[in-house]
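Novice: All chains, full assembly: derive it from the sequences and hints.
Respectively, the protein sequence lines represent chains A and B. Quick note: the first sequence uses our numbering, first residue 1, plus one each step. Quick note: the second sequence uses our numbering, first residue 1, plus one each step.
One or more hints might be untrue.
Simulated pairs of lysine-lysine, DSS-like, Cα-Cα distance not exceeding 27 angstroms [unchecked claim]:
(1) B:K15 - A:K98
(2) A:K135 - B:K15
(3) A:K15 - A:K76
(4) A:K76 - A:K65
(5) A:K113 - A:K135
(6) A:K135 - A:K92
(7) B:K3 - A:K92
(8) B:K186 - A:K15
(9) B:K15 - A:K76
(10) A:K135 - B:K3
(11) A:K98 - B:K3
(12) B:K3 - A:K113
(13) A:K265 - A:K222
(14) B:K15 - B:K3
(15) A:K92 - B:K15
(16) A:K177 - A:K167
(17) A:K76 - A:K167
Rather than coming from a laboratory, the hints here were simulated on the basis of the structure.
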Amino acid sequence: MSIIEISNLTKYYGKSRGIIDVSLNVEEGEIFGFIGPNGAGKSTTIRLLLSLIHPTSGSARVFGKDVTAHGPEIRKDIGYLPSEVYYYEGMKVIDLLKYSASFYDCDCTQRMKELSEIMELEMNRRISDLSYGNKKKVGIVQGLLHSPRLLFLDEPTAGLDPLMQHKFFDLIRLENKRGVTVFFSSHILGEVQRLCNRVGIIREGKIAEISDIRTLQKNNYKKVRVTAEGLDAAAFDLPGISNLTVDDGTLHFFFKGDINAVLQKISGIQVTDVTIEEPTLEEIFMHYYE
Amino acid sequence: MNKHIFRHEFLTRLKSVAIWSFSLTLLIAFFFALFPVFADQAALMNEFLSRYPKELRIAFGLDRMDLSTVLGFFSFLFLFVQLCVAIQAGNYGFGLVSIEESELTADFLLSKPVSRSQVMTSKLLAAFASLTVTAGVVWLVTFVSIALFRGEREYDLGTLVMLLFSVTLFQLFFMSVGLCISLLVKRVRSVTPYSLGLGFGCYVMSAFSGIFGQVALELITPFKHFDPAYIIEHNAYDLPLVLLNLGITLAALGVSYWRYIRRDIPAVS
Chain A
1 MSIIEISNLT
11 KYYGKSRGII
21 DVSLNVEEGE
31 IFGFIGPNGA
41 GKSTTIRLLL
51 SLIHPTSGSA
61 RVFGKDVTAH
71 GPEIRKDIGY
81 LPSEVYYYEG
91 MKVIDLLKYS
101 ASFYDCDCTQ
111 RMKELSEIME
121 LEMNRRISDL
131 SYGNKKKVGI
141 VQGLLHSPRL
151 LFLDEPTAGL
161 DPLMQHKFFD
171 LIRLENKRGV
181 TVFFSSHILG
191 EVQRLCNRVG
201 IIREGKIAEI
211 SDIRTLQKNN
221 YKKVRVTAEG
231 LDAAAFDLPG
241 ISNLTVDDGT
251 LHFFFKGDIN
261 AVLQKISGIQ
271 VTDVTIEEPT
281 LEEIFMHYYE
Chain B
1 MNKHIFRHEF
11 LTRLKSVAIW
21 SFSLTLLIAF
31 FFALFPVFAD
41 QAALMNEFLS
51 RYPKELRIAF
61 GLDRMDLSTV
71 LGFFSFLFLF
81 VQLCVAIQAG
91 NYGFGLVSIE
101 ESELTADFLL
111 SKPVSRSQVM
121 TSKLLAAFAS
131 LTVTAGVVWL
141 VTFVSIALFR
151 GEREYDLGTL
161 VMLLFSVTLF
171 QLFFMSVGLC
181 ISLLVKRVRS
191 VTPYSLGLGF
201 GCYVMSAFSG
211 IFGQVALELI
221 TPFKHFDPAY
231 IIEHNAYDLP
241 LVLLNLGITL
251 AALGVSYWRY
261 IRRDIPAVS
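Specialist: Put into structure tokens, the structure is as follows:
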């Protein structure tokens, strides 16, 4: 069953664009990555699904129910971690979490303790005294404490240190193993690749591509830079190479295909430096829009 | 109605309620403590007042008040009580849902499994409960002050009760109209300028309408709907105006619900 079904969803804020004609499905139990640069419409999509904002046209269903008609019912089983976390400044962490838990029919005390231990969250501090990263931890705990069936994570790792990011990803994987569906929005390709099964790429409000993460990687360009004495650009004339430029003894190009072909070429010459890296998201977008 | 939202909202406002109630207590008690002096020198006082410009006397309703009687004196100070109450109720109304948006906590609250109308109802009831606590304090302090300082002078209890009950309708008006305006403008950044504007604006309208004679302005200002001088003079409310007041309050609430349910919650940016 599809947990999320979005069909032809469009949102305009007055005259400015939110998203245009977005259609996608998220299946039960998958981790769906939603990537795109800032302002592409990632948050707009999530906010529409939570009915924080209302669609201009089109419709969306979560758990098979229309989001505008059955908002409160749907939100019982949703956990949401916004990209920017703001809570009632005067409250203590523990009071905020209890307030949050009070909206769900469950005794979440045990789960609350577990989660805050994992995330090393101090429960007795005031929200106003917390750093941004610590507020994010509060967000993570309050988003998970009622054991939701569906999680919306909107750029969740911003503000978390690498160690915490690691713990957080483990936590999400564990939740996913228990059958929780995850909708993960990010502008960092690496973390999406680490976690997700399938990705949707959104750009300027429109879906550019929805594909399996493996296909995306297979189809993906690698960014290669080779520095060597007496380099001959013509020697790298392989199928799958594009944007080849020579700049002060350094060769830059994008490569798509079996990387071994490039490695063989490189091993044949005396190089001073080689880097092979993931193209940035922007470069992938260039590829989709060439 | 969600009891957790109600509780949270009520507790958040507790400090503000305490400060307003304390200020109103001081205002009423100290002001009314002057009553014995005024009453004893009534003739002198009334002559003194008659030397003020007529417009000024009308603006404060002094032309129709006899400061030597318990209710006459009380109605003069009641004007200031009304002004305070208007600003407090305006504050709560303007801030009711806009504070969540300006402090960016709306995302937290509205992603919970509650409907917009539940949120609104719980918040309204919580704000009304806070205002009722303040109104209760006003009642109490009024009765205590009058008992302490009236001496041998008599007054009509029914009229006083009528005057005090108008506080509640007054609060409802400013809360609802404030809420309605906050949902009609794009974004309320700070609540106080709005509530001061609304409170003083309505007061000035009422004062002007007194000076210039019967003008249509009095139809929309609650200071006219519940004119203390009128209530004491007639031992009754000005019924058409009170009904009009209730009508405005209900309309403002209706529009507020309608706007809030359809509202796009602005994202953090």
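Novice: Given the hinted pair A:K76 and A:K167, is their Cα-Cα distance within 27 angstroms?
Specialist: holds (26 angstroms)
Novice: Verify the proposed pairing of A:K135 with B:K3, using a straight-line Cα cut of 27 angstroms.
Specialist: holds (26 angstroms)
Novice: Does A:K65 lie within 27 angstroms of A:K76 when you go C-alpha to C-alpha?
Specialist: At roughly 13 angstroms apart (the allowed maximum being 27 angstroms), A:K65 and A:K76 satisfy the hint.
Novice: Between A:K98 and B:K3, is the straight-line Cα distance small enough, at 27 angstroms or below?
Specialist: Cα-Cα ~14 angstroms, so holds.
Novice: Would you mind confirming whether the straight-line C-alpha gap from A:K265 to A:K222 stays at or under 27 angstroms?
Specialist: Holds. A:K265 to A:K222 sits at ~15 angstroms (cutoff 27 angstroms).
Novice: Given the hint that A:K177 pairs with A:K167, test it: the Cα-Cα distance must not exceed 27 angstroms.
Specialist: Status holds; Cα separation ~15 angstroms.
Novice: Measure nothing beyond the straight line between the CA atoms of A:K92 and B:K15; if it is 27 angstroms or shorter, mark the hint as holding.
Specialist: Holds, at about 17 angstroms.
Novice: Taking 27 angstroms as the top limit, are the C-alpha atoms of B:K3 and A:K92 close enough?
Specialist: holds (20 angstroms)
Novice: Given the proposed pairing of B:K15 with B:K3, does the C-alpha separation stay at or below 27 angstroms?
Specialist: It holds: about 20 angstroms lies between the C-alpha atoms, which stays within 27 angstroms.
Novice: Run the distance test for B:K3 versus A:K113: straight-line Cα separation, threshold 27 angstroms.
Specialist: OK: B:K3 and A:K113 at ~24 angstroms, within 27 angstroms.
Novice: B:K186 and A:K15 were given as a pair; does the straight-line alpha-carbon distance stay at or below 27 angstroms?
Specialist: Roughly 15 angstroms separates the two Cα atoms, so the pair holds.
Novice: Assess, step by step, whether the Cα of A:K15 is no farther than 27 angstroms from the Cα of A:K76, and give holds or violated.
Specialist: violated (33 angstroms)
Hint compliance for this structure: hints 3, 9 are broken, all remaining hints hold.
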